[in-house]
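Please take these sequences and the hints and turn them into a complete structure.
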Amino acid sequence: MDFRNIESFLRVDTNEAEELGRLLADTLASALEKIRRGLRDSDVESISFVAHSIKGASGNLGFKRLSKLAAAMETRTRAGRLDGLEDLLLEMQHLLEQLEGSLSGK
Amino acid sequence: MKAVYRESDMADAYSILVVDDNLLNLKLIEKVLTKEGYIALLADNGPDARRIAAQEHPDLILLDIEMPGEDGFDVIKKLKNDAATVTIPVLFLTGVSKVDVKLKGFELGAVDYIVKPFHPQEVLARVRIHLKLSIATNSLVQDQARKLRQVTQAQNAMLPSPEDFPDAGFSVFYLPLEEAGGDFYDILNISNQITGYFLADSSGHDIGTSYITASVKALLAQNCNLVYSPIESMRMINDVLVEILPKEKYLTACYIHLNRGTRVMTLVNAGHPPVVYMPKGKKPFFIKGQGDILGMFADATFGIKKIAVNKGDRFFIYSDGLVESTEKKISWVAGVKGLLSILEGVGKIDLSDIPNMLISRLFNGKPMSEDDIVLLCIEV
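Chains D and Y supply the protein sequences, listed in that same order. Everything in the first sequence is counted per this note's numbering, starting at 10 for the first residue and increasing by one. Everything in the second sequence is counted per this note's numbering, starting at 117 for the first residue and increasing by one.
Don't take each hint at face value.
Under 8 Å between C-beta atoms, here's a sample of chain D residues computed to sit facing chain Y [what the hints assert, rightly or not]:
hint: 1; residue: Leu41
hint: 2; residue: His61
hint: 3; residue: Asn69
Derived pair list, reagent style SDA-like, types lysine to any residue, alpha-carbon separation capped at 25 Å [to be verified]:
hint: 4; chain 1: Y; residue 1: Lys151; chain 2: D; residue 2: Asn24
hint: 5; chain 1: Y; residue 1: Lys151; chain 2: D; residue 2: Asp22
hint: 6; chain 1: Y; residue 1: Lys151; chain 2: D; residue 2: Glu54
hint: 7; chain 1: Y; residue 1: Lys220; chain 2: D; residue 2: Lys73
hint: 8; chain 1: Y; residue 1: Lys427; chain 2: Y; residue 2: Ala416
hint: 9; chain 1: D; residue 1: Lys73; chain 2: Y; residue 2: Gly377
hint: 10; chain 1: Y; residue 1: Lys427; chain 2: Y; residue 2: Gly377
hint: 11; chain 1: D; residue 1: Lys77; chain 2: D; residue 2: Val21
hint: 12; chain 1: Y; residue 1: Lys147; chain 2: D; residue 2: Asn14
To give a feel for the contact side, a few chain D residues facing chain Y, derived at Cβ under 7 Å [claimed, not checked]:
hint: 13; residue: Leu19
hint: 14; residue: Ala34
hint: 15; residue: Thr36
hint: 16; residue: Ser62
hint: 17; residue: Ser76
hint: 18; residue: Ala88
hint: 19; residue: Leu104
hint: 20; residue: Leu105
hint: 21; residue: Gly114
Worth flagging that the hints you see were computed from the coordinates, not collected in a lab. Quick reminder that beta carbons are idealized off the backbone N, C-alpha and C, glycines included.
Structure follows, in structure tokens:
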């Protein structure tokens, strides 16, 4: 996941793409932390709310993979399920690291 | 989270209030809007959104539905219940594509929705189209209001004032319920000695009614003259109105033809409330005259009375709005009795003061807005 994708998806300049990319990275890091807490507390409702938020925000910036993972997490938790969330969380974490890498290596 | 509130330097640009608890979405939409020259006002929660909407009155609101605390449905409900924000178009943003969620938004007053994730260009396109619609609606409303004001002015110009007819000896109270009143009166100088007093109440208060008023005024000018007797004048007018009025339209009317030379007053009644006659120094009473309404039947017959009058005698003609009240449950029959008892006390009061005094006593101050009211006071 590279912040430069935002540039072409939204037709913005590099600085604006970077600004949005950083905001997404911060939001996502905070969201993943909330999901971890939700998993510890078996709080499906708060995980669902956070996943819903990531789904929209990442989709709006053109990050389809992250949006799909968040959508899958939202669907599961809406059905009251917590199984399989760890795998989804790991993949999300991986995408976050990719994004942070692109931001630091620019 | 603290609400974010931004304002651009461009005073004349359209302002869009964006409401979303996700800062990333706020930032994204702000960027897209400001790039296109819009002013973006941002709020990340419902109460702040409502406060900004009431204070800044944005041209459009983009409102997220799924928010913690006060959600988008609560916000739109409150916006639509507040006179300061009710007319602002609201587009809701939702990540839920279920039909019932969208329908609920529409039922609460939203004009459109955008499903998340959205492409910013889609947001821009929808913002543009709803601003266009809003501008067109506002312009239509302004245009209609302007036309209605013109109708009011035109109608008022058609109603003569006592100053226009110093020899006619009358005073008047006229209060239309809406811009285009259904009540109408006219004064006709038939000769040096003869004056005609006409008062009508047409069904409805709409714009169409004001055209009827204009038509009747023209018909009166054409048909109330020395050649035709009062009853002939009314028959001529009725025949034309039967031809030109739509099926559901009609008038009740009263025509007083006063010859000061012969001191004969001729009254023609077309389904109108009875005229009050108050001979000088005596108690008032009704002159009842049954008759068909105007403009409905080609073979209509009208009530006619001829009365020998003296100097100082008074007549009062009025529309049913003066004596009827649905809200106060006052029927026409009860209302006219009250009118008669009040009129008993106006014998020595100057004619020009009677209308306002009578209205004030009948309505305990200001009349309620239930119907058009017209009262014509005539002195021989």
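Results of checking the hints against the structure:
1. Leu41: 14 Å, violated
2. His61: 6 Å, holds
3. Asn69: 5 Å, holds
4. Lys151/Y / Asn24/D: 14 Å, holds
5. Lys151/Y / Asp22/D: It holds: about 12 Å lies between the C-alpha atoms, which stays within 25 Å.
6. Lys151/Y / Glu54/D: 37 Å, violated
7. Lys220/Y / Lys73/D: 28 Å, violated
8. Lys427/Y / Ala416/Y: 33 Å, violated
9. Lys73/D / Gly377/Y: Distance of about 97 Å is beyond 25 Å: violated.
10. Lys427/Y / Gly377/Y: Satisfied, since the Cα-Cα distance of roughly 11 Å is no more than 25 Å.
11. Lys77/D / Val21/D: Distance ~24 Å between Lys77/D and Val21/D Cα, so the pair holds.
12. Lys147/Y / Asn14/D: Holds, at about 17 Å.
13. Leu19: 6 Å, holds
14. Ala34: 10 Å, violated
15. Thr36: 5 Å, holds
16. Ser62: 5 Å, holds
17. Ser76: 6 Å, holds
18. Ala88: Check failed: Cβ of Ala88/D comes no nearer than 15 Å to chain Y, outside 7 Å.
19. Leu104: Not OK, violated: Leu104/D not within 7 Å of chain Y, min 15 Å.
20. Leu105: Leu105/D check fails; min Cβ-Cβ to chain Y is 13 Å, beyond 7 Å.
21. Gly114: 22 Å, violated
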